[in-house]
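Colleague: Please put together the full structure from these sequences, using the hints given.
Protein chains: 2
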Amino acid sequence: MRIKVLGIGLTKFGELWNKDLLDLALEASSEAINDSRLTINEIDAVFVANMIYGKLSNQDQLGALVASNLGIKGASFKVEAACASGGLAIHLAIQSLLAGTYKNVLVVGVEKMTDHTITEITSALMGAGSQDERKAGLTFPGLYALMAKAHMDKFGTTKKHLASVSVKNHFHASLNEKAQFPFEITLDKAMNSPEICAPFTLFDASPITDGASAVVLSLEDRSLPSGRQVYISGSAVASDTVGLCQRDSLIEIAATKRAAQMAFKQAGVEHQDIKIAEVHDCFTIAEILAMEDLGFCKKGEGGEFIAKGATRLGGLLPVNTSGGLKACGHPVAATGVKQIVEVTQQLRGHSSNRQVSGANVGLTQNVGGTGATVVIHVLQT
Amino acid sequence: MRIKVLGIGLTKFGELWNKDLLDLALEASSEAINDSRLTINEIDAVFVANMIYGKLSNQDQLGALVASNLGIKGASFKVEAACASGGLAIHLAIQSLLAGTYKNVLVVGVEKMTDHTITEITSALMGAGSQDERKAGLTFPGLYALMAKAHMDKFGTTKKHLASVSVKNHFHASLNEKAQFPFEITLDKAMNSPEICAPFTLFDASPITDGASAVVLSLEDRSLPSGRQVYISGSAVASDTVGLCQRDSLIEIAATKRAAQMAFKQAGVEHQDIKIAEVHDCFTIAEILAMEDLGFCKKGEGGEFIAKGATRLGGLLPVNTSGGLKACGHPVAATGVKQIVEVTQQLRGHSSNRQVSGANVGLTQNVGGTGATVVIHVLQT
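Quick mapping for you: the protein sequence lines, in order, are chains A and B. Be aware that the first sequence starts at 3, since it is given in this note's numbering, and climbs by one per residue. Be aware that the second sequence starts at 3, since it is given in this note's numbering, and climbs by one per residue.
Among the clues, some could well be false.
Copies of the same chain look alike in the list, so a pair counts if it fits in one copy or across any two.
What the hints assert, rightly or not - Straight-line distance between alpha carbons at most 25 Å, and here's what the computed DSS-like set of lysine-lysine pairs gives:
hint, residue 1, residue 2
1, Lys259, Lys105
2, Lys259, Lys310
3, Lys75, Lys267
Treat the hints as calculated values from the structure; they're not laboratory data.
Modeller: Here it is, written out as structure tokens:
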């Protein structure tokens with residue numbers, strides 16, 4: 003597989019009160035199309051990823067909405083798999099290119115979350131969980147806290163390990179002007195913030211965010227004006243039960259393992275080839291699980307792996323240089339596409355003060371719910 | 003393009019109070035998988051089409067929900083484009099097969115609509131319209147009524163023409179045990195029923211329906227146990243503005259023309275080759291527009307074409323032998339997949355008392371909203 007990332011676009015992430023969903027989608031899309039040096043007429047299809055806009059703002063058919071507002075009359079699609087919507091849209095867009103049906107496609111992930119009460123938003127997000135989980139009154143902090151507790155019990159993972167994920171990602175975000183929280187925090191602050199759901203404090207959770215991200219993908223060979231060309235060489239999806247209680251284990255996300263195995267094989271790369279990764283740190287424990295389930299460290303050692311700095315800029319494998327979901331922000335369906343944008347920028351060598359030197363192979367991991375859907379992509383120069 | 007339809011499955015359409023969305027999806031899926039003679043392990047990916055379940059019942063990630071409940075751990079997706087969700091899911095599933103990524107895929111369209119108040123349902127369905135249309139207080143009967151009025155003004159189309167669509171589709175439904183309304187109606191009854199929105203009476207509108215439909219698609223060559231093999235030879239999507247007032251014309255659905263042109267070209271067939279069609283008769287005027295925009299009759303002559311019996315069983319081109327959206331029912335996202343199920347059954351020669359003799363090439367037209375998304379498929383033996 004050799005899918006060119008021709009263009010990338012990204013809005014500011016945060017509480018964007020003066021922009022609506024369409025504004026955000028068009029801003030990121032236009033930036034990606036301009037970056038691709040294609041004209042609007044050369045875009046054959048538009049894939050929109052979104053989770054909660056239909057529910058909270060009653061606007062469906064976002065594929066046609068975005069496409070027609072860009073002046074594109076070709077095919078348009080909306081794809082949803084909760085927080086994995088963005089990665090899934092990338093995967094399906096790739097299929098349409100590999101099929102030879104479309105030559106150049108736009109993928110845009112977008113979410114407008116802040117225009118509603120926190121109760122409405124929290125309720126809407128629980129659509130990513132199971133009916134049993136909703137009936138039990140669980141929310142996502144609670145679900146991931148169950149996984150964190152199990153991991154702590156079994157492996158001795160500590161609150162300090164959890165906090166070190168947050169501290170590292172805030173440091174990375176401090177170097178990213180698009181981040182929702184572009185500032186550093188101390189370990190002390192992370193650990194001693196109000197507890198939201200044991201063992202999590204406020205700083206273990208990703209925020210509610212508005213934002214959009216977009217990429218233009220192509221099978222065609224075109225030279226980019228500067229920097230290295232970047233292509234997607236692996237794209238895989240795996241599924242699991244929506245409800246956490248139906249799983250065999252709380253200390254892993256099994257779909258990550260299965261999708262990663264497929265993506266590595268497709269790309270023809272090994273773990274040691276990966277120089278940078280964007281993973282789904284919706285809660286700090288999720289980044290620890292990701293390191294283990296992706297095979298970057300042994301099961302149970304993820305906390306220590308991160309705490310000792312292996313995944314910080316300058317470390318063995320910089321992870322979430324964007325600031326991750328925690329500090330760059332988590333506009334749900336935009337996240338999976340933003341991961342591709344961040345890795346592409348790094349592989350192009352365009353990440354200025356947070357550039358990972360020698361980055362030539364990168365990975366993204368995008369998770370829906372507590373692991374019902376996992377999408378893995380491998381990118382290379 | 004040569005995509006095998008290996009299996010088909012369909013639930014009863016109607017008010018199914020004792021079944022929830024998952025029951026319906028699993029019933030249709032299991033029937034399609036059994037029909038395909040594949041095992042669960044041979045299904046690589048699941049595409050679920052759905053419009054309003056996330057909104058009304060707060061369950062998202064339907065791809066993973068359906069896949070995991072079938073015991074499938076491969077890839078899963080949810081696709082949405084209002085009433086064109088089903089056709090769109092078929093199109094994307096086909097891309098993944100043509101890409102060579104998946105060998106056998108399940109597509110299931112499902113909607114559970116009756117568990118809510120009519121106000122909630124009507125409001126949810128307006129997600130298929132534009133923000134301006136919602137603000138103006140328009141509903142879909144109103145939007146299609148505007149198109150009907152324009153067509154009547156310009157071409158002299160009559161209420162009798164409209165009613166003849168309904169009478170014909172009820173006749174077809176009377177031969178289909180899966181139909182929501184499996185009974186005939188008279189022209190008099192259709193024309194003299196309560197007016198819901200001028201010029202429409204109750205019988206010009208499709209109903210609120212529960213139901214699911216499923217197909218198993220494959221690139222592989224496998225012999226079906228009986229009947230002819232059926233394959234999809236054309237699949238095309240076109241987009242337009244979501245809002246009707248932004249279009250150039252009220253008397254056509256332009257995206258139908260564009261998608262049909264592409265699908266005919268892909269399939270290498272002409273209009274005269276088509277022996278059967280399932281089109282999107284959400285309102286009677288929509289079937290009249292479809293006949294014209296698909297090129298089966300001249301613009302303005304659709305009403306007379308249908309009224310004179312050309313599209314009735316035994317006529318030149320039997321249309322909506324299932325009973326269509328009007329009389330078979332319209333579980334929104336299930337409709338586009340059901341169209342493929344009906345045409346496949348006809349091409350297999352398995353449609354018993356409503357079999358179109360000599361049917362070897364068929365077409366489906368699935369419309370989102372008032373024409374923002376149109377998906378056309380061509381099927382052949």
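Colleague: Determine for every hint whether it applies to the structure shown.
Modeller: Against the structure, the hints:
Within a single copy, Lys259 and Lys105 get their C-alpha atoms only as close as 31 Å, which misses the 25 Å cut-off; across copies the closest is 21 Å, which meets it. In the homo-oligomer, the alpha carbons of Lys259 and Lys310 lie at most 25 Å apart inside one protomer (24 Å), although the nearest pairing across protomers, at 61 Å, exceeds that limit. Proximity of Lys75 and Lys267 under a CA criterion of 25 Å is satisfied inter-copy only: 18 Å between copies versus 36 Å inside one chain copy.
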